[in-house]
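Engineer: Position chain Y against the provided structure of chain A, taking the given hints into account.
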Amino acid sequence: MSWQAALPLLVLGSSLLPGLVIFALPERSRTLRTTLNLGGAVVKLALVVWMIWQSGQGVNYELRAALLPGLDLVLRGSELGLFFVGLSALLWLVTTIYAVGYLEDSPNRSRFFGFFSLCVTATAGAALAGNLITFLAFYEMLTLATYPLVVHRGTAAARHAGRVYLAYTIGGGGLVTLGTLWLYSITGTLEFQPGGVVAAFVDSEARALSAIFVVLAAGIGVKAALVPLHSWLPTAMVAPAPVSALLHAVAVVKVGAFGLMRLVFSIYGVDVATGLGLAQGLAVVAAITIIYGSLRALSQRNLKRLLAYSTVSQLAFIALGISIGGAVAATGGIVHLVHQGLMKITLFFAAGNLAETLGVHEIRDMRGVGRRMPWSMAAFTLCAFGMIGTPPMAGFVSKWYLGVGAVDSDASWVVWLLAASSILNAAYFLPIIRAIWFEAAPEQWPKERTFGRAETSLMLLLPTLFTAAVALAVGLFASTPYSPLEWARLIAARQYAP
Amino acid sequence: MNPVETGATWAIWLIVSPLAAALIAFLLPRVAAGIALVNAVFMTTAALALLDQVTEAPRCFALGGWGAPLGIDLYADTLSGVLLVVTSVVFLATLLYSRSYLARTAIGPLFWPISLFLHAALNALFLSADAFNLYVTLELLSLSAVALVALADETRAVAAALRYLLASIVASLAYLLGVALLYHATGVLDLAALAERVTWTPTTWAALGLMTAGLALKGALFPVHFWLPGAHSYAPSPVSALLSALVVKAPFYVLLRLWYAPFVGAPEVVANLLGLLGAVAIVWGSVQALRQERLKLLIAYSTVAQIGYLFLLFPLAQTRSALQGVTVFILGHALAKAAMFLAAGNIYQYLGHDRIRDLRRVARELPVTLAAFAVGGVCIMGLPPSGNFIGKWLLIEAAFEQGDWGWAVIIVAGGLLSAAYVFRVLGHAFTLGKKRAEGTGAPATMAWTAFGLALLALMLGLAAAPLIDIIGSPVAVAVAIAAVPAQ
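Protein chains in written order, with the working numbering: chain A, 89 to 586; chain Y, 6 to 492.
This is chain A alone, in the form it adopts within the complex (with noise of 0.2 Å):
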């Protein structure tokens, strides 16, 4: 096997071997632990984007090892699987980044950037995952990787928020169980294909598979925070910052997010899945988390707990999109993969200098900061215009093309429904954004450190602002050749050609 078919795994040892590595260093050998992390992280970007670039020339990647007779361990480069990795690939890089300084002097160093690291390897390998077997393993393995990081304060609150976490995840990992094998029962296979598997099947058993997508769709939407399943997210904000972005942006909701579009088209295929009446259900679940989220959020005094539930509002928009058919709303859902990632981890990374800088946790303690630490908030005025869904800014673009495709396919009550997320969301980020620049600061922070001439430590303001930038150019130039969105359109096309 030449190097370039073993791609794949490469892609996944670049964060698997040096999270093993980082397990076994001593705390205080921090320049090697950085370099690994970060070594790590830039060789895993480098080979997704090599690998991306050899797709596009046409080369298929497809790595099989047998599980169980008739049963294969599959890793393939597929282009949505790409789409995704490369997503979680560079937000990696920045969020290791940003955990270097943001942990710089916290206990249990070694142990945190090692499940870092696996958490990192997990998302990967779901996104390249060729079967829903290999979907489960590394579903579960994330699940997993990242309970010693919503518990690794240790402290009493971080205890509860990793069970309250773990009773949701574990419980969705054993419906996606449950579900998997139930299909595979039914349809003997269970590759990913383009239109799905299961259409030979759909005359003969059509209530089992409308009853398996309803357990898969619930085991999986744990992950992706669906309502009523969402409440481990606004609990697990106790985590650091850096472990809230990864669950909120890289990793964990992506993930179940991302199972969805494989549920959606790669298993049950859109044709199928709107026959059957299935994808519609799951459009109006999407619906009813988008408002949900927007409320809940309304009444939050916590600023992470707000940016939770913010979030479990802005990921059904994928939901959403991949639900309503056709191929523009599609475009849309899929796209805000990435726009919601590149906002939310921007709000996130704001939200943490906010709370290493000043001690700023409330969303009342934030009255003319604005001033205190200008870079870090104009990063999180942009991105929280971009959650309002305002032009220039990504979550524009995603919110156009839901709303068109939702005309496009008669369901106009999808306009409504954006229109009404976006007053929300208004409701909420607006009063903090007029709080942060108009209003007087305090005497004093609750409870501040300085660094130097810097409003606060480079490593955690260079991501921010990197993240923010993106977020805007991908808005801006959404339309040029190589942008998500692009990327997106095609990726839709293909799961709507006849």
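Hints may be right or wrong, so weigh each one.
Stated by the list, open to error - Here chain Y is said to cover these stretches of chain A; the calculated rule only asks that three of the stretch's residues, wherever they fall, bring their Cβ under 8 Å from a Cβ of chain Y:
1. 169-179
2. 220-234
3. 317-324
What the hints assert, rightly or not - Far from chain Y, by Cβ distances over 10 Å, these chain A residues were calculated:
4. V239
5. A306
6. N390
7. L553
Unchecked claim - Pairwise CB distance ranges (calculated):
8. A:S292 x Y:V414: 44 to 54 Å
9. Y:V288 x A:W91: 42 to 52 Å
10. A:V130 x Y:T450: 50 to 60 Å
11. Y:T450 x A:P569: 34 to 44 Å
12. A:E115 x Y:T110: 24 to 34 Å
13. Y:V285 x A:V130: 21 to 31 Å
14. A:Q281 x Y:V288: 33 to 43 Å
15. Y:V414 x A:T568: 47 to 57 Å
Note that these hints are calculated values from the structure, not bench results. Since we're looking at a predicted model, the values are computed, not measured. Ideal Cβ placement from N, Cα and C applies to all residues, glycine included.
Structural biologist: Okay, now just chain Y, sitting in the frame of chain A:
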């Protein structure tokens, strides 16, 4: 057909070598540990060599040149082969661990000869295909297991050992009575010969009932598992590992042999009853594990639950994948559970107790040990790619194939419950708190043997395809037993 072979073969070494080592270890306590380790390495080689021998076809060996019915025949197929391999691997790791463990306790050198004797009994059991020889090996196994439990220098351990002994004796008597009834009805004891002659008369019914009940009691199936939690948790930790990983599997193995040969036509209601008790065991054992205050008791109750999975085989036995699944499950559980008990032993020696509430900072102070416990726990939950995952997968597949949904739901629910009790421990271990003054970390050997076993259990699933290939189909196993010539 399989001709009976004579001469010195691996099968005979697998019994003779640990017996000889036990004798030397008893007479020369000073070299006991060394002898035991050399033997363990040799056993691993021998078991692998034997597995290689029987991959093509099952084989039958005559002990001492006399064939049955005068002499003793040894029988080996792939099922016994893989069990012998995993037995020797668990022994190797556990004995390696025990050297450091015993040095920090008051347990005398008697541990070595008795554990070697236990190994010999297990090997002999896996190599028997004769109802009476199986009785003898079961008896030897129980006696050495009880003796090992009683080695712990605590009164409650001795009390638990006595309870274990009583349960064992009752179970053996029931089994022996069943054997006598079968012999009375058919005039043979060889399983293959029995399979040909058994007819479903009231005598056979009584034999089926007595033998199954006896083996269920010895194998700690709910509701006759009462002796297990005490014996497995108060025993010294390496002993707990051997008991939970290997010894409780032996009665089940005997039952399985009976089920696929003489009792192959047993009525469905018995199979369903066993499966039902297994299902209750899964739920009951897991709920009890969740309620325990002590780590070793929690792990012991987890064993009660995991034994339940094995008994799900009986209602699903007609499906090809069920026996394969249960076999992989046995292997996975043996490795994972041994790892967990060894890890618990480290924690116990480090803290001086194993109260789950007071496990704070363990993640920080015993990282490798806790990793061993966590990885073992992940396997017990049945998450991919562990061997237990493959086992559960194949069982669920069988359940779907037979259209018996309930079993599938129980299997998944059991996995969720086990996640709850494993993470309850991990949650406390990750808690920060006041530093303790006393205690040094576990010796590297003790931490890494536990971790090594856990890692093997986790990786077992990746080797599942060739493994299942080796194990073959249940039909092959049943036919193989029947194919051994009755002498």
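Engineer: If I claimed the Cβ atoms of Y:V288 and A:W91 lie 42 to 52 Å apart, would that claim hold in this structure?
Structural biologist: About 49 Å separates the Cβ atoms of Y:V288 and A:W91, which means 42 to 52 Å holds.
Engineer: Could you see if the CB distance from A:E115 to Y:T110 stays within 24 to 34 Å?
Structural biologist: holds (32 Å)
Engineer: Is 47 to 57 Å respected by the C-beta to C-beta distance linking Y:V414 and A:T568?
Structural biologist: Holds: the Cβ-Cβ distance is about 51 Å, inside 47 to 57 Å.
Engineer: Does A:A306 clear chain Y by more than 10 Å, comparing its Cβ with all Cβ atoms of that chain?
Structural biologist: Answer for A:A306: holds, closest chain Y Cβ roughly 13 Å.
Engineer: Against the range 50 to 60 Å, how does the distance between the Cβ atoms of A:V130 and Y:T450 compare: consistent or not?
Structural biologist: violated (38 Å)
Engineer: Using the beta carbons of A:Q281 and Y:V288, state whether their distance is inside 33 to 43 Å or not.
Structural biologist: Given range 33 to 43 Å: holds, Cβ gap about 38 Å.
Engineer: Can you tell me whether the CB distance of Y:V285 to A:V130 sits inside 21 to 31 Å?
Structural biologist: violated (54 Å)
Engineer: Would the non-interface assignment of A:V239 survive a Cβ cutoff of 10 Å against chain Y?
Structural biologist: violated (5 Å)
Engineer: Confirm or reject: A:N390 is not an interface residue toward chain Y, with every Cβ-Cβ distance exceeding 10 Å.
Structural biologist: holds (22 Å)
Engineer: Is the nearest CB of chain Y more than 10 Å from the CB of A:L553?
Structural biologist: Nearest chain Y Cβ is 34 Å from A:L553, so the label holds.
Engineer: Taking the Cβ atom of A:S292 and the Cβ atom of Y:V414, is their distance within the range 44 to 54 Å?
Structural biologist: violated (23 Å)
Engineer: Look at the Cβ atoms of Y:T450 and A:P569 and judge whether their distance stays inside 34 to 44 Å.
Structural biologist: Between Y:T450 and A:P569, where Cβ atoms are some 59 Å apart, the hint is violated.
Comparing the model with each numbered hint stated earlier shows that hints 1, 3, 4, 8, 10, 11 and 13 do not hold.
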